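Based on the provided sequences and hints, a complete structural model is requested.
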Amino acid sequence: MKTSRLLAGIILIILYLISIMFSISHYTSISLFFCIISSLSLVLFIKKAMGSYTNIAVFFSFFSMLYGLSGPINVVWGEGLRPLFSTPYNTDAFLISYAIAKIGLISGFILFYVISNKDRYRANEDGLKIVESYKYKLYPASLILCFMGSLFEIINMFRLGGISVIFKGKATYQSMLSSLTLTLPSSEVIVVAFSLIGLYIGINYKRGVERSRVINKILVFVLCSVPYILIKILLGQRGPLVTLFVCLLIGITYFRPIKRIKPKLIFLCVVFYIFMSFLYANRGIVNLIPNDPKAFMDIAFTKERLINALNPGGNEFGAAFGNYSEFYAKYGHRFDPKLGETYVKGLIVPIPSFVYPGDKPTQITYEFRDEFFISEAERGSIAGTALSSILEAYMNFKNIGVFLVYLMLGYAIQKIERAYKNRSLLFIFLYVSSIPFAITFHRSAFGGIFAGIILRAIVIQVLITLYFGSKKPKVKSVMG
Numbered sequence: 037m038k039t040s041r042l043l044a045g046i047i048l049i050i051l052y053l054i055s056i057m058f059s060i061s062h063y064t065s066i067s068l069f070f071c072i073i074s075s076l077s078l079v080l081f082i083k084k085a086m087g088s089y090t091n092i093a094v095f096f097s098f099f100s101m102l103y104g105l106s107g108p109i110n111v112v113w114g115e116g117l118r119p120l121f122s123t124p125y126n127t128d129a130f131l132i133s134y135a136i137a138k139i140g141l142i143s144g145f146i147l148f149y150v151i152s153n154k155d156r157y158r159a160n161e162d163g164l165k166i167v168e169s170y171k172y173k174l175y176p177a178s179l180i181l182c183f184m185g186s187l188f189e190i191i192n193m194f195r196l197g198g199i200s201v202i203f204k205g206k207a208t209y210q211s212m213l214s215s216l217t218l219t220l221p222s223s224e225v226i227v228v229a230f231s232l233i234g235l236y237i238g239i240n241y242k243r244g245v246e247r248s249r250v251i252n253k254i255l256v257f258v259l260c261s262v263p264y265i266l267i268k269i270l271l272g273q274r275g276p277l278v279t280l281f282v283c284l285l286i287g288i289t290y291f292r293p294i295k296r297i298k299p300k301l302i303f304l305c306v307v308f309y310i311f312m313s314f315l316y317a318n319r320g321i322v323n324l325i326p327n328d329p330k331a332f333m334d335i336a337f338t339k340e341r342l343i344n345a346l347n348p349g350g351n352e353f354g355a356a357f358g359n360y361s362e363f364y365a366k367y368g369h370r371f372d373p374k375l376g377e378t379y380v381k382g383l384i385v386p387i388p389s390f391v392y393p394g395d396k397p398t399q400i401t402y403e404f405r406d407e408f409f410i411s412e413a414e415r416g417s418i419a420g421t422a423l424s425s426i427l428e429a430y431m432n433f434k435n436i437g438v439f440l441v442y443l444m445l446g447y448a449i450q451k452i453e454r455a456y457k458n459r460s461l462l463f464i465f466l467y468v469s470s471i472p473f474a475i476t477f478h479r480s481a482f483g484g485i486f487a488g489i490i491l492r493a494i495v496i497q498v499l500i501t502l503y504f505g506s507k508k509p510k511v512k513s514v515m516g
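Counting the sequence shown from 1 gives a position; the numbering used here is that position plus 36.
Warning: the hint list may mix true and false statements.
[As the list claims (entries may be wrong)] Each computed EDC-like pair below joins lysine to aspartate or glutamate, with the alpha-carbon atoms no more than 20 Å apart:
1. Lys-381 to Asp-406
2. Lys-295 to Glu-161
3. Lys-381 to Asp-395
4. Lys-381 to Glu-407
5. Lys-374 to Glu-412
6. Lys-434 to Glu-377
7. Lys-204 to Glu-412
8. Lys-374 to Glu-403
9. Lys-451 to Glu-161
10. Lys-396 to Glu-407
11. Lys-165 to Glu-453
12. Lys-295 to Glu-453
13. Lys-366 to Glu-412
14. Lys-366 to Glu-340
15. Lys-434 to Asp-372
16. Lys-253 to Glu-168
17. Lys-434 to Asp-128
18. Lys-204 to Asp-328
19. Lys-381 to Glu-403
20. Lys-84 to Glu-453
21. Lys-434 to Glu-412
22. Lys-330 to Glu-340
23. Lys-396 to Asp-406
24. Lys-83 to Glu-377
25. Lys-366 to Asp-406
26. Lys-366 to Glu-403
27. Lys-171 to Glu-161
28. Lys-374 to Glu-407
29. Lys-396 to Glu-377
30. Lys-339 to Glu-115
31. Lys-366 to Asp-128
Derived by calculation from the structure, the hints in this document are not laboratory data.
Bear in mind the structure is a predicted one, so any value in this text is a computation, not a measurement.
Structure, rendered in structure tokens:
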């Protein structure tokens with residue numbers, strides 16, 4: 037491991053330790069300031085170590101910062117969280133756990149380099165050789181999956197009662213869908229489709245292939261995706277839309293990673309964020325669209341409504357901190373840790389209910405909701421405030437668990453990037469389609485992330501077996 041990387045990692049750890057000292061002394065603003073500076077520096081440090089922005093390590097660290105600090109920033113220097121969360125907020129306690137998590141993450145990165153001794157990895161050239169050997173199958177496969185994903189979503193919708201169900205709102209729709217037997221995996225299928233079309237664009241758009249031909253294929257793909265996307269827009273489900281956007285971006289840049297942020301990319305991300313904020317602000321009044329569209333337009337574009345939605349700390353980004361604050365307000369350090377129980381239960385999530393003997397155990401997300409936010413349960417069986425990766429680790433092993441969980445994550449992320457990323461067609465497809473979990477991980481429980489990765493792996497493996505065949509190009513590991 038290069039001495040400069042080790043030194044930078046140690047400096048970052050020291051900065052987070054300083055932040056912890058200020059939190060212990062209740063100098064909350066100073067502690068938050070150190071957390072912000074340290075977290076921004078960590079993102080840049082990881083970008084420099086990885087060589088680009090478009091990789092799981094950068095995404096993980098950036099969204100860890102966004103989910104972790106948006107809430108405290110809004111509390112310390114803004115108007116606080118949503119009224120759902122009670123005051124006073126336990127900001128110092130959370131910042132201590134947040135800093136410990138980041139120290140664990142950095143330690144995991146360092147541990148990987150110490151154990152591996154060398155920065156050995158499978159280079160992008162290896163992955164490119166694998167994907168290009170199947171390049172004529174990429175587009176047909178993506179189109180078939182896209183069509184299937186939209187069809188599955190339409191079938192699920194009509195099994196619930198038709199188009200009118202959409203206008204009952206996100207919570208009702210998702211709750212009804214969760215209770216449906218043999219739900220078709222529309223999201224998992226179409227996510228893989230967007231990953232494949234991204235890879236197709238990435239290896240064809242600027243490589244001598246007739247551009248108009250590629251554009252025409254993309255337009256056909258987009259048309260196939262319209263039913264799925266339109267349903268998600270009407271429901272205000274931002275998560276699936278963000279997932280498709282990220283998969284497309286990572287697929288396109290997989291073999292030409294983004295090393296410098298250009299203004300047009302910033303503009304694209306800003307426009308996308310504004311649109312996502314608009315959906316968040318107005319998904320509660322979607323029922324007005326079929327009955328009184330004029331009233332919907334008048335309310336939806338209210339200036340104050342849109343400004344509030346743009347504030348990340350006041351929406352879902354602040355929920356991770358809010359959940360931790362609620363738990364800490366009731367229990368603090370005085371509780372019996374679950375000692376890994378929630379992680380074990382999470383392994384059961386991918387098992388279908390009709391296969392599992394008896395009733396599946398309640399996952400920690402819903403245990404937490406039923407204890408702290410019972411009003412959310414009344415909106416729908418799966419409505420709630422999600423959870424927090426830091427909170428789940430804290431529930432299981434207190435702050436030592438926060439450190440250990442993030443240490444293992446740091447090591448695992450480097451292992452994926454350096455050893456598995458370009459190992460085979462399965463790993464390439466799974467990497468692109470699963471990188472959105474690096475975003476949602478920070479406001480989710482382990483079980484949901486684990487289930488999502490397993491389901492996507494199954495879809496990809498079935499696709500490879502039935503369509504791509506068993507051909508395995510030979511690649512050699514290189515030194516980087």
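Results for each hint:
1. Lys-381 to Asp-406: Holds, because 17 Å separates the two Cα atoms, which is no more than 20 Å.
2. Lys-295 to Glu-161: This hinted pair holds, its Cα atoms lying about 17 Å apart.
3. Lys-381 to Asp-395: Holds. Lys-381 to Asp-395 sits at ~12 Å (cutoff 20 Å).
4. Lys-381 to Glu-407: holds, 18 Å
5. Lys-374 to Glu-412: Roughly 24 Å between the alpha carbons, so the hint for Lys-374 and Glu-412 is violated.
6. Lys-434 to Glu-377: holds, 13 Å
7. Lys-204 to Glu-412: Holds, at roughly 16 Å.
8. Lys-374 to Glu-403: Within the cut-off at roughly 13 Å; holds.
9. Lys-451 to Glu-161: The given pair, whose Cα atoms are some 18 Å apart, holds under the 20 Å limit.
10. Lys-396 to Glu-407: With a Cα-Cα distance of about 19 Å, the restraint between Lys-396 and Glu-407 holds, given a limit of 20 Å.
11. Lys-165 to Glu-453: Given pair Lys-165, Glu-453 holds - Cα atoms ~17 Å apart, limit 20 Å.
12. Lys-295 to Glu-453: holds, 16 Å
13. Lys-366 to Glu-412: holds, 19 Å
14. Lys-366 to Glu-340: violated, 33 Å
15. Lys-434 to Asp-372: holds, 9 Å
16. Lys-253 to Glu-168: holds, 18 Å
17. Lys-434 to Asp-128: holds, 15 Å
18. Lys-204 to Asp-328: With a Cα-Cα distance of about 14 Å, the restraint between Lys-204 and Asp-328 holds, given a limit of 20 Å.
19. Lys-381 to Glu-403: At roughly 12 Å apart (the allowed maximum being 20 Å), Glu-403 and Lys-381 satisfy the hint.
20. Lys-84 to Glu-453: Holds, at about 14 Å.
21. Lys-434 to Glu-412: This hinted pair is violated, its Cα atoms lying about 26 Å apart.
22. Lys-330 to Glu-340: holds, 18 Å
23. Lys-396 to Asp-406: The given pair, whose Cα atoms are some 17 Å apart, holds under the 20 Å limit.
24. Lys-83 to Glu-377: violated, 34 Å
25. Lys-366 to Asp-406: holds, 14 Å
26. Lys-366 to Glu-403: holds, 15 Å
27. Lys-171 to Glu-161: holds, 15 Å
28. Lys-374 to Glu-407: holds, 16 Å
29. Lys-396 to Glu-377: Between Lys-396 and Glu-377 the Cα gap is close to 14 Å, so the pair holds against 20 Å.
30. Lys-339 to Glu-115: holds, 17 Å
31. Lys-366 to Asp-128: holds, 15 Å
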